[in-house]
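Q: What follows is the residue order along each chain.
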Amino acid sequence: MLKKLLIVVVEPDPARAELIAEGLTHSGDHDVRIIAEQSSLSRQVAELRPDVVLIDIANPSRDVLEELALASGPADRPVAMFVDRSDEQMTRSAIEAGISAYVVAGLQPDRIKPIMDAAVARFHILQQLRAELAATRAALEERKIVDRAKAILMKARGIDEAEAYGLLRKTAMDQGKRIGDIAQQLVTAAGLLGG
Amino acid sequence: MSSLRLGYIPLIDAAPLIVAHEMGFAAEEGLRFDIVRLNTWAQSRDMLGAGMIDAAHMLMPIPVAQAIGLGPRMPALDLVMYLSHGGQAFAVNTDIAARLRAEGYAFDFADARRAGTALRRVIKGPLRVGVPFMFSTQLELTHHWLRACGFAPEDLDLRTVPPPMMADALAAGEVDAFCVGEPWPSFAVERGIAALLLPGPAVWAAPPEKGLVLRRDFTETRGAETGALMRAIWRAGRWLDEPDHRGAAAEIMSRTEYLDLPSELAERGLTGRLTVTPRGELRQAPGFLAFHSGGASFPWKSQAALIARNIALRHGLDPMAAMRAAMPHFRTDLYRQHLRSAGAALPGASLRIEGMIDADRTVPAERGQMVLRADRFFDGFVFDPPTPDSSES
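Each protein sequence line maps, in turn, to chains A and B.
Mind the numbering: the first sequence is residues 1 to 195 in our numbering, read in order.
Mind the numbering: the second sequence is residues 1001 to 1393 in our numbering, read in order.
Rather than coming from a laboratory, the hints here were simulated on the basis of the structure.
Just to be clear, a hint being listed does not mean it is correct.
[Said to hold, decoys possible] Okay, the calculated beta carbon distance ranges per label pair:
(1) A/ALA135 with B/PRO1386: 28 to 34 Å
(2) B/PRO1278 with A/LEU133: 37 to 43 Å
(3) A/HIS26 with B/GLY1024: 51 to 57 Å
(4) B/ARG1073 with A/GLY176: 29 to 35 Å
(5) A/LEU133 with B/THR1387: 54 to 60 Å
(6) B/GLY1069 with A/LEU48: 25 to 31 Å
(7) A/LEU133 with B/ASP1384: 56 to 62 Å
(8) B/ARG1032 with A/ASP174: 31 to 37 Å
(9) B/PRO1278 with A/LEU48: 38 to 44 Å
(10) B/ALA1076 with A/ARG137: 38 to 44 Å
Where is the CB? At the ideal position from N, CA and C, for every residue including glycine.
Using the sequences and the hints, build the whole thing.
A: Written as structure tokens, this is what we have:
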């Protein structure tokens, strides 16, 4: 029976951390811990002595982990960087998914693979969620602009809301542009004209 | 038009990449830059290794550490030219600053011996110093300066703190002092929590700081683009070292998509005119940051050797083996090959004794003459590199 692996996830956002941890738990019988606090990261990792540390590649605390990976001598649980592995495809997919992983030296590749696969899958979901959130924000922003453009048209031409929208839509179609772009141009022009 | 992805960390010495893009030096060479802001040095190194960026603005000791096996295994990284010398400053918290002032220290921002001696007198117990990365010019300067001023290895506790978080770490009491590149020292002074003791060049007159680092296989398979990239950045460096261009550079660098800080703050490091204490004391640091002048962009192999030796000694590795492993990664050959046509002054040799030039000096170059920047260490340290293998140029 193999010893349970201790996996540490460094992630300040609780919802994101939970999603990653859940995926890892499903990938095998692991002990998964989350570190949210960046300032005590160094101390906590040193105390927990994890087998694997997972952290967002862009997390500012990464360089602190680099220091830990170097500082540990052979006697105190050397941590190798995941990119040390010869499996270039796995490394690349991890980096593309936005993960950096620190793995204790000597850990068998066949024990790491399922963990990395699960982490990559969850980071992809997080990337997708982030993209969707950005898209939703952009859509909301665009709706506000369209509303303002409609209001400008209604006032300037004495038409109702449906007609104002129809006018925007027709202009967009005639010019082969998006309604949001036409609305933005109108709002900008109105601003310049002091309207 | 060929497109290249370049990674940088938000610091004023990323200016050559950004200026090459903004002022059209890249377009002139037929290149389109996609400039990516990164958060950490490890991220930059890993993305370069995985081919997700083509070139990086990188601390010059990082490719040295890679060469001697102290990083993750990845394709070989080469430094093809320097982007900058200097640009760093040492800061202490206001409590230490008050004790220094009580001792009569005048914050001259120039004399490393005086600053180090004063600091040694007021510090009891270990000094916790924040540095941006375990392989950084900042760490090298901190070590050199404080060891030469009576701090024993056990008196120094060097800790990694990402540059934008340096001021927070000082405010939270996680470190007592730090050494980092501008604009982050000025940012901490502006917040009223730090005083600046020295510019990096007060310790080592021309400390190589950032390099342009590429994967070796990229320089081999895409030689023409490598050359075009180097020329665009070399011309940007020349533009930046025209004295009246630094203000414009500060405007560009301070924009939201780059540093996202007030241009006045970016301008301090770029002009070398720094506010050193929260009281508003101003100091002019001559030669604070160089991009081009005095042969600043030439990647001396002797500097690869010096840094390799220091890192090896610190990590219990064989210094000679480390020096031999690191020197081939500083590509003086590519510098000569790709920048000769642009008119770069090329030194006759590719390595030299470091720390021998007391004042800027005119020396014979490949063609005619060139001026080399003063490179002395404050304590008179000199470094004689090993002779390279005969295959090296």
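Q: Looking at the structure, which of the earlier hints fail to hold?
A: 1, 4
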